[in-house]
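Undergrad: Single-letter residue listing:
2 protein chains.
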Amino acid sequence: MSSGRISELDLIQRISRGIKNSPSVVRGIGDDTAVLKYTRNKYQLFTCDMLIEGTDFFPDTAAKDIGHKAIACSLSDIAAMGGKPKYALISLGFPRKQAKEFISGFYKGALALAGKFKTNIVGGDLSLSEKIIVDVSMIGEVLKKNLTLRSGAKPGDLIFVSGSLGGSLYGRHLKFTPRIKEANYLVSNYRISAMMDLSDGLSLDLHRLTLAGKVGAIIYEELIPVSGSAKSLTEALNMGEDYELLFTTQPKEARRLIKNNPFFKIIGEIRKEKHGLKIITKDCREKILEPKGYQHF
Amino acid sequence: MSSGRISELDLIQRISRGIKNSPSVVRGIGDDTAVLKYTRNKYQLFTCDMLIEGTDFFPDTAAKDIGHKAIACSLSDIAAMGGKPKYALISLGFPRKQAKEFISGFYKGALALAGKFKTNIVGGDLSLSEKIIVDVSMIGEVLKKNLTLRSGAKPGDLIFVSGSLGGSLYGRHLKFTPRIKEANYLVSNYRISAMMDLSDGLSLDLHRLTLAGKVGAIIYEELIPVSGSAKSLTEALNMGEDYELLFTTQPKEARRLIKNNPFFKIIGEIRKEKHGLKIITKDCREKILEPKGYQHF
Chain A
1140 MSSGRISELD
1150 LIQRISRGIK
1160 NSPSVVRGIG
1170 DDTAVLKYTR
1180 NKYQLFTCDM
1190 LIEGTDFFPD
1200 TAAKDIGHKA
1210 IACSLSDIAA
1220 MGGKPKYALI
1230 SLGFPRKQAK
1240 EFISGFYKGA
1250 LALAGKFKTN
1260 IVGGDLSLSE
1270 KIIVDVSMIG
1280 EVLKKNLTLR
1290 SGAKPGDLIF
1300 VSGSLGGSLY
1310 GRHLKFTPRI
1320 KEANYLVSNY
1330 RISAMMDLSD
1340 GLSLDLHRLT
1350 LAGKVGAIIY
1360 EELIPVSGSA
1370 KSLTEALNMG
1380 EDYELLFTTQ
1390 PKEARRLIKN
1400 NPFFKIIGEI
1410 RKEKHGLKII
1420 TKDCREKILE
1430 PKGYQHF
Chain B
1140 MSSGRISELD
1150 LIQRISRGIK
1160 NSPSVVRGIG
1170 DDTAVLKYTR
1180 NKYQLFTCDM
1190 LIEGTDFFPD
1200 TAAKDIGHKA
1210 IACSLSDIAA
1220 MGGKPKYALI
1230 SLGFPRKQAK
1240 EFISGFYKGA
1250 LALAGKFKTN
1260 IVGGDLSLSE
1270 KIIVDVSMIG
1280 EVLKKNLTLR
1290 SGAKPGDLIF
1300 VSGSLGGSLY
1310 GRHLKFTPRI
1320 KEANYLVSNY
1330 RISAMMDLSD
1340 GLSLDLHRLT
1350 LAGKVGAIIY
1360 EELIPVSGSA
1370 KSLTEALNMG
1380 EDYELLFTTQ
1390 PKEARRLIKN
1400 NPFFKIIGEI
1410 RKEKHGLKII
1420 TKDCREKILE
1430 PKGYQHF
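Protein chains in written order, with this note's numbering: chain A, 1140 to 1436; chain B, 1140 to 1436.
Careful, some of the hints might be misleading.
The list treats identical chains as one, so a pair stands whether inside a single copy or across any two.
To be verified - 27 Å max Cα-Cα, derived DSS-like pairs, lysine-lysine:
(1) 1320 <-> 1255
(2) 1176 <-> 1283
(3) 1283 <-> 1181
(4) 1181 <-> 1203
(5) 1203 <-> 1270
(6) 1426 <-> 1181
(7) 1413 <-> 1239
(8) 1159 <-> 1239
(9) 1370 <-> 1176
(10) 1239 <-> 1431
(11) 1203 <-> 1239
(12) 1203 <-> 1159
(13) 1398 <-> 1320
(14) 1391 <-> 1239
Honestly, the hints are just simulated from the structure, not real lab data.
From just these sequences and the hints, can you work out the full model?
TA: Next comes the structure, spelled out in structure tokens:
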């Protein structure tokens, strides 16, 4: 594990330790979204995602694609909780040069995707900035019975992904459709024990899911659905930005799911914590799966 | 009016035109916060504020002060609606150099102020960025009967500010206490017809309040409470970042308010729209008040 990686976890833990929240906060830092008390049978979800030029997109990325991705990332977080999006705010920093063209393109992409998922853009903040910066904050809601946290996986549960992995950074990360419909189908029809979205790569995100649930996991190289745009299995494991769902469910539910919907793929099984995180290679060797996905710093 | 100014209004209007929201959005773009349907007697408030190094603070600004200001700006928006803050998310971009020290100082300032106003920090997003960027999104709530929009001012209403203006950029903008308590006192005890926070300077923000209410206004130079740190009346009119409340109420309510609480200062009167925006100088000449406050671009 790199020092950078320890540092990220360490920073988040430092921040979390300083925070004391009221009982109306069902879940604060540490999942795809915060979970807040709301009505008798629903929770409210609250999340934000910041995208920065040079890291999350590039100087030549089309404004429309930046707008699409900014909304898509927050929608993906809401999906991962089993919820539905409701409202979004967009904070946008952009250079003075060609500001009107940028804003026009950006909102074209953002509004098209928000409209598709019935998300209301209710405000924001505009600032000048040398580099383009976008932060989308989003409110969603979830039926209490449908809430899926990262932490619910149990030994024996099977591990699924909602689509193929790897190679997203060659273009798909700017065009992906967040898995709102798939997630809502899953939580409405199956008992999903844990769920998160794959933003930083399967190996790192599965590591986080096992940490949250205090469990271990084993996955199989030959079961991993590798995207046509990925250059290697390593990219499917570590490249990040797939924005597919990673979720777990008991074997009985899993059988029912794959029978009804072969779109979702089993990639492995949850084990007890002491087994750690393992991968079975195509030649049947068991190796430690190193969490090598994208680290923000 | 400069071309930059037309451009800002124009951009916001362009964005607004493209947006069609559901009936659950009581107020979208155009006030200090969005207003959303919530419970039988309350609305939910939703706002965000982005601060960028070089514009809203400087490379030598203490991390603690950046944390304080980031929370304070969103609290000020919630206050301006007559509401109370509940939950906040913090998106933070920062350079790799001295990241731990920065994060530690930033959260010290942010958590101290959030705690003071019972605001739960429920999550956020951390990214590496060459320059420091902060975006705070905040959820609040307001009793329906207490909601104060920018648009409610009527001819004959008196115009108030909650404190002295000008010179904030010499230091106060990093240390100010948002007017949550004062705003809650006002809306709980008086019929406030319109309210907003003074972020971009009295002349520009009063211009916005009159546009929203389709009214005119006249203010008096000698009534404007000029801060001890302001170098001139011009700074009190145009410098921005005062984060005081600007509000209006009928003369009868105004008399009751100043009798009970001389802390709030009358600065003028709302007129019909056709009168435009005027200022009476100390030597009793009537002049057009040009909206010359801070323009974001």
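Undergrad: Against each hint, give a clear statement of whether it holds in the structure.
TA: Going down the list of hints, with the structure as the test:
1. Proximity of residue 1320 to residue 1255 under the C-alpha cut-off of 27 Å is restricted to the intra-copy arrangement: shortest distance 11 Å within a copy versus 40 Å between copies.
2. Taking the closest pair of Cα atoms, residue 1176 and residue 1283 come within 27 Å of each other both inside a single copy (10 Å) and across two copies (20 Å).
3. In the homo-oligomer, the alpha carbons of residue 1283 and residue 1181 lie at most 27 Å apart both inside one protomer (5 Å) and across protomers (22 Å), since each shortest distance falls under that limit.
4. Proximity of residue 1181 to residue 1203 under the C-alpha cut-off of 27 Å is found in neither arrangement, the shortest distances being 33 Å within a copy and 36 Å between copies.
5. Taking the shortest alpha-carbon separations for residue 1203 and residue 1270, both the intra-copy value of 16 Å and the inter-copy value of 24 Å come in at or below 27 Å.
6. For a Cα distance limit of 27 Å, the shortest separation of residue 1426 from residue 1181 qualifies neither inside one copy, at 42 Å, nor across copies, at 56 Å.
7. Neither within a single protomer nor between protomers do residue 1413 and residue 1239 lie at most 27 Å apart by alpha-carbon distance, with minima of 56 Å and 31 Å respectively.
8. Only between protomers do residue 1159 and residue 1239 lie at most 27 Å apart by alpha-carbon distance; the minimum there is 21 Å, versus 43 Å within a single protomer.
9. In this assembly of identical chains, the alpha carbons of residue 1370 and residue 1176 never lie at most 27 Å apart, being 44 Å within a copy and 48 Å across copies at closest.
10. In this assembly of identical chains, the alpha carbons of residue 1239 and residue 1431 lie at most 27 Å apart only when taken from different copies (22 Å versus 40 Å within one copy).
11. Within a single copy, residue 1203 and residue 1239 get their C-alpha atoms as close as 13 Å, which meets the 27 Å cut-off; across copies the closest is 35 Å, which misses it.
12. Only between protomers do residue 1203 and residue 1159 lie at most 27 Å apart by alpha-carbon distance; the minimum there is 19 Å, versus 39 Å within a single protomer.
13. For a Cα distance limit of 27 Å, the shortest separation of residue 1398 from residue 1320 inside one copy, 19 Å, qualifies, whereas the shortest one across copies, 59 Å, does not.
14. Taking the closest pair of Cα atoms, residue 1391 and residue 1239 never come within 27 Å of each other, the shortest separation being 54 Å inside a single copy and 46 Å across copies.
Hint violations for this structure: numbers 4, 6, 7, 9 and 14, all remaining hints satisfied.
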